[in-house]
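A.B. asks: Take the sequences, apply the hints, and build the full model.
Chains as they are written, first to last, in the working numbering: chain A, 1044 to 1328; chain B, 6 to 312; chain C, 38 to 415.
The set of hints was computed from the structure by calculation and includes no laboratory data.
Bear in mind that the values here come from a model prediction, so they are computed numbers and not experimental data.
Glycine included, C-beta positions come from ideal geometry on N, C-alpha and C.
Treat the hints with care, as some may be off.
Partner residues are not named here, just some residues of chain B that face chain A (Cβ under 8 angstroms, in silico) [what the hints assert, rightly or not]:
id	residue
1	Leu34
2	Val35
3	Tyr119
4	Thr121
5	Leu122
6	Ala133
7	Phe138
8	Ser154
9	Ile285
10	Leu287
11	Ala288
Which chain A residues face chain B? A few, computed with CB under 10 angstroms, are given here [as the list claims (entries may be wrong)]:
id	residue
12	Ala1061
13	Ile1069
14	Met1076
15	Leu1077
16	Leu1098
Chain by chain, the residues run as shown.
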Amino acid sequence: MTARGPGVRRRPRAWLTAVLRHAALIAVAALLMLPFYWMLVSALKSRGQIFARPLQWWPDPPVWSNLVAVLDYPGFPYWLLLGNTLFYAGMVTLGTVLSCAAAGYSFACLRWRGRDTLFAATVATLLIPAIATFLPTYLIWARLGLTGTYWPLILPAYLGNAFFIFMLRQFFLGIPRELFDAARMDGAGELRIFLQIALPIVRPALIVVAVFTTLYTWHDFFGPLIYLQDPADFPLSVGLFAFRSQRTTEWALSMTAALYTTLPLVLLFALASGYFLRGARIAKF
Amino acid sequence: MPSPTRTKPRSAARRQEARAGWLFAGPWLVSLVLLTALPMLATAAMSLTNLGIVDWPDFTGLTNYDLILTEDPSFWTALHNTAVYTAVSVPLRLMLAFGLALLLHSGLRGVAVYQTLFYLPSLVPPVAATVVFMLLLTPGAGPVNVMLSWVGVPAPDWVRDPAWALWTLVLLSLWPLGVEALVFLAALREVPAEVQDAARLDTRRPWERMLYITLPLISPAILFNLVIGVINSFQVFAQAMVIGGTTGNPSESTLMYLVLIYRMAFRYFSLGYAAALSVILLAILGLVTWAIFRLSRRWVHYEGGQR
Amino acid sequence: MATLSLRSLSKYYGAVEVVRGLDLEIADRELAVFVGPSGCGKSTLLRMIAGLEEVDAGDILIDGRSVVDVPPADRGLAMVFQSYALYPHMSAFDNLAFGLRRAGLPRAEIEARISRAAALLQITPLLPRRPREMSGGQRQRVAIGRAIVREPRAFLFDEPLSNLDASLRSEMRTQILALHQRLEATMIFVTHDQVEAMTLADKIVVLNGGRIEQVGSPMEVYAAPRNLFVARFIGSPGMNLLPATVFASTPGLLAVDLTGEAAASAGRILFDRPAAAIAAGSAVTVGLRAAHFAVAGPGAPALDLSVDLVERLGDATHVHGRLGGAARVTVALEGTAPARPGDRIPLTLRPGVGHLFDAAGQAVPAAGARLEGTATSW
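C.D. replies: Right, here's the structure in full:
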């Protein structure tokens, strides 16, 4: 019987709640996008337009030259800053991936005395803030004469990072033991097992680590601020800070500068958005 | 993997495996000692000296602590600002993120688009984000005050009024709540649908289902976000520096604790003093974290008997 | 306890109609089983009755009152889920108590109900434990306990035995039957396992593609399937469905030829007193269960079975082979029957059995099937 019975209900109440939900989500999305919008719009304003009354929601006329002017503006050598940032992020990402993969693998798949205790210590350090260690660490680097360089910022990455070690260990734990036993019986050495069996299996996790390390390094302000002195060495974060400190009234150019600081990350996100979102999910252990 | 701890003759393969274990984890173990354990002890030791002002430090005992607690009004200001900032921004962010996650969880179409949009703000570097927010909130140059006037709310001077500058930082901290929302969303998705169905049969009131069933089942995610949020909020630095510099303009209203430490260490070169400040903050942070974990036993429920 | 009525019930997922205008009546204290293949809509239907799925058209009445606009908690129903759906963060006791507490029952009443249910299901020592500290069977009993303490008008079971291993499953089946008798409750049980359906049900509802194919007692559905789907679905081993062509049709007799190798006849089967006439030459299907065959005596009219495979089960022997070289059949003989692959066995039909289905798959009732040359069956 396919006759539509009395009172064919198209479920009006369910439809209404769906509309309300979408409305709320759109409102929140609009609020969250407002700063982006304002950054873009203000980047195209002249100094007078920034403070125009009534407020200009769209620059009239847009000052497209801002987009180019800031790239080589005194006090904001964009390409230099970008190059430094790419160097910094690249070196740290490489070191982090290597060291955390090795350590995570060791904690998960290799058996050695003291392993579990040391892993517990690793987890404990997740709760220890940088404040606890940065002063003596700075002194050591100062005594070594390496302040003013990127060494203090890059070298620790090649030793490991507690959070990513924890995360990668989770992934390595998911590899069935039998794969390793079989490989050992075939006579493969430990290094080869790591490189040719374990690493390929956790490749997606490695990409997540790389993506997030790049993000955090790009955002890093405190580290570069205390170790670098020559403005020619600054990454974008410190460069923008210095620019703002000197030119507090150049709002439009500050917005353009902020935009250019952010754009490469948006590009990275566009290329690897799946890994960003996956990472947020993993973080909940 | 449980392994017996009795010593038995280890085969060559096992010895090789153990050696590889130490080798692979070696760099990290070096870091644990040289970059974590020793520096922690050194910080404590430094706090008891007058390092920095003189090249060869003298042991000064608790002088630094005495000075901090009795003769440094900036300490109390920074502590107050940081505490207020944390106490307001963390719960607010958690609640808003949770609300957002609930909206996303209702099985609407296009959730992926919203997820992406909500994630974008967390990509913006803190320095850039702060600069943008300062413009947003500047009366006469930013739309926030204009939008407030649409709703009839009187618009404060977010940037220059000492009573309001701190709230600029709080607002800024709410912007990247997309990440926490996604963590909550993932946790919500893990609640088995049939358990929620069973709850619908047990009670008709949605808030009861939320309170007794949903929240307890996502409590590990709440704890995670809470602890991370608190630890990070206590150490806010870049945003505070951009808004107020090392003096916490205007009138020290944006002076945060880590900024104070930075100022003492790198502007006044009082490293021993800065170390003492660090120790105090660590103690407070440790206490707060311990309290959170202790209380968490009552309201956090783990699946499968973890921890 | 309660009666349940479904009237012209429909549900759409997008453009697809997953429940197609169903009508059904379930009487007080009946144990009705919804059975059908995956995707037939049986779970959806159960969830609609519970209020967990929205109804697009039609009505659901419990004890004569429409409940379509009533939230699940207020319909007076209780449900046992396939995954048991126990609250993992609560003890078994709290699981049972949760709904009652939310409803505002006094503590003494709650404790009384729980201890009664726990005694009935023998789960009293489990009450302080968490679900993760229990086995699958224990969790299931707690889930049933949660349903019992609600003292509902009807119980709904959504494939509750599917997650148990085989031995536990048959034990739980018996327990559920006992429970049904003890509580004298109206129950609706959903399963994809037709054996479960047959053993548990007072009334079987066979579903397929959102439609009811047949409603009846287990024996009705077994002995008088209304169409090919039901015939195929019910009974194990499945009914042999043999293509045939009508040879002759008179009011008292219908003769069909089983299709053998190269379209030759593998045997002629006569149906006495068919309910309808079918034109000669039409295609039909003959339904014969494995147990409907017997070894023919020497010289008697017989169908010729060539044996391919033999399964010995102890109390019976299942012989798989072909009639007339083409029609594949499974035949059940005694446990001691001598049969080997390659043998040829003459088969006859037991009196009073056999089914006929027309070209549209609908059953054509008849008094029974027999081979030509054997006596009428009545």
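A.B. asks: To test your reading of the hints: which numbers does this structure violate?
C.D. replies: Violated: hints 8, 9 and 11.
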